[in-house]
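Colleague: In order, the protein sequence lines correspond to chains H and V.
Position one of the first sequence corresponds to residue 312 (my numbering), numbered consecutively onward.
Position one of the second sequence corresponds to residue 677 (my numbering), numbered consecutively onward.
I should point out that these hints are in silico values taken from the structure, not numbers from a laboratory.
Check before you lean on any hint, since a few could be wrong.
Claimed, not checked - Result set (EDC-like, lysine to aspartate or glutamate): computed pairs, CA atoms no more than 20 Å apart in a straight line:
1. V:684 <-> H:388
2. V:890 <-> H:480
3. V:691 <-> H:346
4. V:824 <-> H:480
5. V:810 <-> H:481
6. V:686 <-> H:393
As the list claims (entries may be wrong) - Far from chain H by the CB rule (all over 10 Å, computed), these chain V residues:
7. 701
8. 762
9. 856
10. 870
11. 881
Ideal Cβ positions, reconstructed from N, Cα and C, are used throughout, including at glycine.
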Amino acid sequence: MSRVPSNFFAQPFSLGELLAHALAIELDAVQSYSELAEQMRQCGNDDVAELFERMSKLEAEHASKIREEAGDTELPELAPWEYRWLELEAPENIDLAGVHYLMTPYHALSLALDNENGALAFFEAAADNCEDDRTRELAIEFADDERQHVAWMEEWLAKFPEPDTDWDEDLDPPAAID
Amino acid sequence: MSAQAPCKLKASDYKSDYKPVWCPGCGDYHVLLSLTKAVAQIGLRPEEIAVVSGIGCSSRISGYLNCYGFHGIHGRALPLATGVKVARPDLTVIAAGGDGDGFSIGGNHLLHACRRNIDITYVVMDNEIYGMTKGQPSPTTDPDWDSKLAPGGTGISPFHPLVIALASGANFVARAFSGDPNGTARILVDAINHPGFSFVQILSPCVTFRPDQKEWKNAVHPAPVTPTSDPAQAARRLMTDDGFNIGVLYKGAREPYRQAVVREPRVERDIDEEFMV
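Extracted from the complex, chain V is given alone in its bound form (with noise of 0.2 Å):
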């Protein structure tokens, strides 16, 4: 963050002139509503954040903010983030995207951007579905999720989000859902706030392929408990979660990766001497 005064800004002065096409009803339009919000809320200008994201329905939301913005290739956002946050430390550096995009095809960069814990957050909106190509199981999807394109279901263990992240090395872990934008805005003040990787899952239902989700709003619930900086302890509870825990399950004090030597920024004329032919 520059060290400007916190600006005054709305949620919706956040917001480019791009009309998202998200189907209606699509969770994802209230992850919009938080994330801006939240960065309203800290006071951050649109010159201070950069969005990158990767590839699908949700990682179109890089286009529907004003800020700095990344429309990445599939599975890469966190790559291009951590690139970001090194070249510009001052930027409020956001990563964002879908379960297939973070979990599938970039499931091995959420691992180690965990484990390098640079000052990132990512907000996945895991909608447990490719929804973009229409509606292939993901690695969130539970096994017997029976549909055309996997009859029977898939009989694969889904991936647990939360337990990678948190067994990776996340600072930061939580989960919100879409249905709850002044809640998911609150967490994401947090997760932005805090030093270190800040993994958010965030809930948000696909209504065109799974509309058995509109049920999440009533299977949902505040974790009874206050988030924790034991990863023990955080690891204990996420065995007896069940998914539908709302919250902040961790808040670690790992110190978040720094560049240990700091190169001075090159000038126009360096960059114009090296593209001399």
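Okay, chain H solo, but in the shape it has when bound (with noise of 0.2 Å):
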């Protein structure tokens, strides 16, 4: 599904989208962290919890440091299958096939990571596809901050090593799944 195409292209972004854009990116993120890190509690899996509790946070600053940046400029109000992704969905919306009530810090990390790429891919296509330099000019300031963001993650992952093959082995598993 994630291979469909896109209407990406279908017009150049005018500054108003390409904020309203950037904002829902942000804003998904908040509540996809801020729910994964309530379904990690429930499961006992405070750890990564945490984690998502910070990313959470993180998103949040820079979802309000895109609402100073917009100021007075109207945004768009946009149907949710109305925004333009390259693929069906915000860059950084949750796999939900890559979250196990198991999952270490390294996955946790890993999904942010992949996020942080899909947004600053997105950010990149975006600046090559804006009707005026300014909106342009703003497109590249935010690959910027995305690319910041990839590095940060990278760092961040690098403290956790790859979880052996049988992370996900749960010695008490719901019937009839051994």
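Build the complex: two chains, separate frames, hints provided.
Modeller: Pasting the structure below:
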């Protein structure tokens, strides 16, 4: 489904559209990470819950920065399916297939790194598809921000070694799985 | 819907304070997200919506929303939703549940809800398994799905929800995928706005008992056709359906059920009198 043709290049991004997309990316991420943190807390996976909570806070800071950047610019009201992403969903929308109740910080940070790379790809592509120079400059600025986030995430991830292949082995699994 | 002006609520404003207890990675999280996005997009106020559910993991959804909710008994989401809609036609009524709840225990109710064509939207989160009771095969489980609880598979052909809904008279028939929350929200908006009984099957992976369903994201694809209002054409399309076509299949024009006689609402005094000893 992620390989469906995108409407990304249907028209160039206006300043308002670009800001609306940037804000949606961050707000989606805030919500996704916060929900993942709650899910992990419920499963007793506190280390990962804490990581997701921190990521949610970081994304909330990014969202505030974008709001400041937007200032008085009027942002278009878009239906969820009217956003023009490179793929079907916003780049920082969590792929639930990568979530597991026994996931480790390594997996959580890998997911986050994928998302940051997705956001970077979005802004790089958007920079080539803007209707004016001001919008293009902003897209480049957002791409630079995301590049920095990718670097942070890589640095963070490097602190956690890749777990053994049996990381998801549950000694008390739900019935019918074993 | 009431005559009030559309509200400007965010999707998150429709979530209740209860935190979902679904397994991390469960597709139902995204169904919840899609549903809140859909009602926010339509501009419905929480007090204009009733979500009625049966029993099962997915049926918990009514508790996670801050609109009217009724977490009913197993397989009975549709009779309850029918009652709510008949009593309160002003409400937008959404019935929700899983494949076991809707197609097995509640299977007969599905047939008659489609036939009656009451203005309800029925959302079935289909994971092809009974998740809450630890992974027994459901009516949509493949016959050769081998598991500890069904060694060698059931050998029984699965139920085809869209075929049944169409043949039984549903006025709107669609399939969505939980991994595409925005696309699912769009389909739900369409389903809720369409008059009559709207049936939406949402493929929603069970990561705990069916980890193989993580591959669904690579299997689903947009249906290469536009919705039809011709049930015969819709039926022909279903003959070649691989189960992973996503989109609206059928939008009928059948008049929804309306009560022939609308009684005056009973006043509190009448009810007091009925309960007098």
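Colleague: With reference to the structure, classify each hint as holding or not holding.
Modeller: Hint by hint, here is what the structure shows:
1. Proximity of residue 684 of chain V to residue 388 of chain H is assessed by CA-CA distance (about 11 Å); at most 20 Å being required, the pair is judged to hold.
2. Taking the CA atoms of residue 890 of chain V and residue 480 of chain H, the gap is about 18 Å. The hint holds against a cut of 20 Å.
3. This hinted pair checks out: residue 691 of chain V and residue 346 of chain H have alpha carbons roughly 12 Å apart, not beyond 20 Å.
4. The hinted pair formed by residue 824 of chain V and residue 480 of chain H meets the criterion: a straight-line CA distance of about 17 Å does not exceed 20 Å.
5. Distance check on the hinted pair: residue 810 of chain V and residue 481 of chain H sit about 15 Å apart at the alpha-carbon level, within 20 Å; holds.
6. Between residue 686 of chain V and residue 393 of chain H the CA atoms are separated by roughly 16 Å; this keeps the pair inside 20 Å, and the hint holds.
7. Look at residue 701 of chain V: its CB is around 4 Å from the nearest CB on chain H, not clear of 10 Å, so calling it non-interface is violated.
8. Chain H leaves residue 762 of chain V outside its interface by the beta-carbon criterion, the shortest separation being 31 Å against a cut-off of 10 Å.
9. In this structure residue 856 of chain V is not separated from chain H by more than 10 Å, as the shortest Cβ-Cβ distance comes to only about 5 Å.
10. Residue placement check: residue 870 of chain V keeps its beta carbon more than 10 Å from all beta carbons of chain H (closest about 17 Å).
11. Distance check on residue 881 of chain V: its Cβ comes as close as 7 Å (rounded) to a Cβ of chain H, failing to clear the 10 Å threshold; non-interface status is violated.
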